[in-house]
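There are 2 protein chains.
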Amino acid sequence: MTDSDEASYADLGNAGLEHLLPVVHGMGVRFTESEPGRCVAVVPIEGNGNHFGAMYAGVLFTVGEVLGGGLAISTFDSSAYYPLVKGLDIRFLKPATTDITATASIDPDTVAKVTAMAEENGKADFVLEAELTDTNGVVVARTVGDYQLRSIGR
Amino acid sequence: MTDSDEASYADLGNAGLEHLLPVVHGMGVRFTESEPGRCVAVVPIEGNGNHFGAMYAGVLFTVGEVLGGGLAISTFDSSAYYPLVKGLDIRFLKPATTDITATASIDPDTVAKVTAMAEENGKADFVLEAELTDTNGVVVARTVGDYQLRSIGR
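First to last, the protein sequences are chains A and B. Residues in the first sequence are numbered from 8 upward in steps of one, following this note's numbering. Residues in the second sequence are numbered from 8 upward in steps of one, following this note's numbering.
Because the hints were derived from the structure by calculation, they are not lab data. Certain hints may be false.
A pair holds if it fits inside one copy or across any two, identical chains being indistinguishable in the list.
[Unchecked claim] Dumping the calculated EDC-like pairs for lysine to aspartate or glutamate here, alpha-carbon to alpha-carbon at most 20 Å:
hint, residue 1, residue 2
1, K120, E42
2, K101, D153
3, K101, E136
4, K101, E53
5, K120, E25
6, K93, E136
7, K130, D114
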């Protein structure tokens, strides 16, 4: 991996948001880091607030949830597999009143296991835990997402 | 309760979405029924799809989540209390390829307990389970939301 490869994964993810997930793109969600096993996305508070002056819950859900797709692009063979979200649990811990950064990672052992299972069965489940922080570093929410990697056309 | 009262709760909820939750309003989410203990919201597939031709997960989250607010308006004293969402778990069961309807209700005993607790403590937690169905009646997702009713200015 080089820095330019990492940048291209984030760019690829952002192109996906723009063209394939217009609702998400419209919120201003974008990937800022994407490398094997790790993904970071941000979303602005501008336009995404609720009546308490805090970011709407569904926007926080979204910036956490998209990490599953962003991480799948940089971590697994996206020419052979696509990710699905099966479920997600989100806990709101503090009001989110600034731009928000969501970060998630999975360890190399899990990546190897998921890759092997997908090669054998054409699909494999993986869990992604994300932490959502504001610009002061305060954790405003946590997500636990259940995803499935599926073989394209199998 | 008369039919016109019920209509006005849904109208009140929709005015809230339009003016206080622009992101949600922008998705086309609107309340169609709102009465004490029960709330129904709908969201169109138009403009909310993903690259599989199905509704984006965050939109399904949203149409389920807003029921907590819509139900609070019609069920509790909204001049004295406002609702907060503390967490939500959503399970995606089938692809959502049509307009989606989300329905949730809580029983009168629970309403009475939550009301009494809010009056005593200035706040009270309640759980709302929602079912999301497509236009063929297929359940595409289920949510379990943890909400809190809080006294205004207390």
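Here is what the structure says about each hint:
In this assembly of identical chains, the alpha carbons of K120 and E42 lie at most 20 Å apart only when taken from the same copy (18 Å versus 49 Å across copies). Only between protomers do K101 and D153 lie at most 20 Å apart by alpha-carbon distance; the minimum there is 15 Å, versus 23 Å within a single protomer. For the identical chains of this complex, K101 and E136 are intra-copy neighbours only, at 18 Å inside a copy versus 23 Å across copies, given an alpha-carbon limit of 20 Å. Proximity of K101 and E53 under a CA criterion of 20 Å is satisfied intra-copy only: 18 Å inside one chain copy versus 33 Å between copies.
Taking the closest pair of Cα atoms, K120 and E25 never come within 20 Å of each other, the shortest separation being 31 Å inside a single copy and 46 Å across copies. In the homo-oligomer, the alpha carbons of K93 and E136 lie at most 20 Å apart both inside one protomer (14 Å) and across protomers (18 Å), since each shortest distance falls under that limit. Taking the shortest Cα distances, K130 and D114 sit within 20 Å of each other inside one copy (19 Å), while across copies they are farther apart (41 Å).
In summary, the structure is inconsistent with hint 5 from the numbered list given earlier, while agreeing with all the others.
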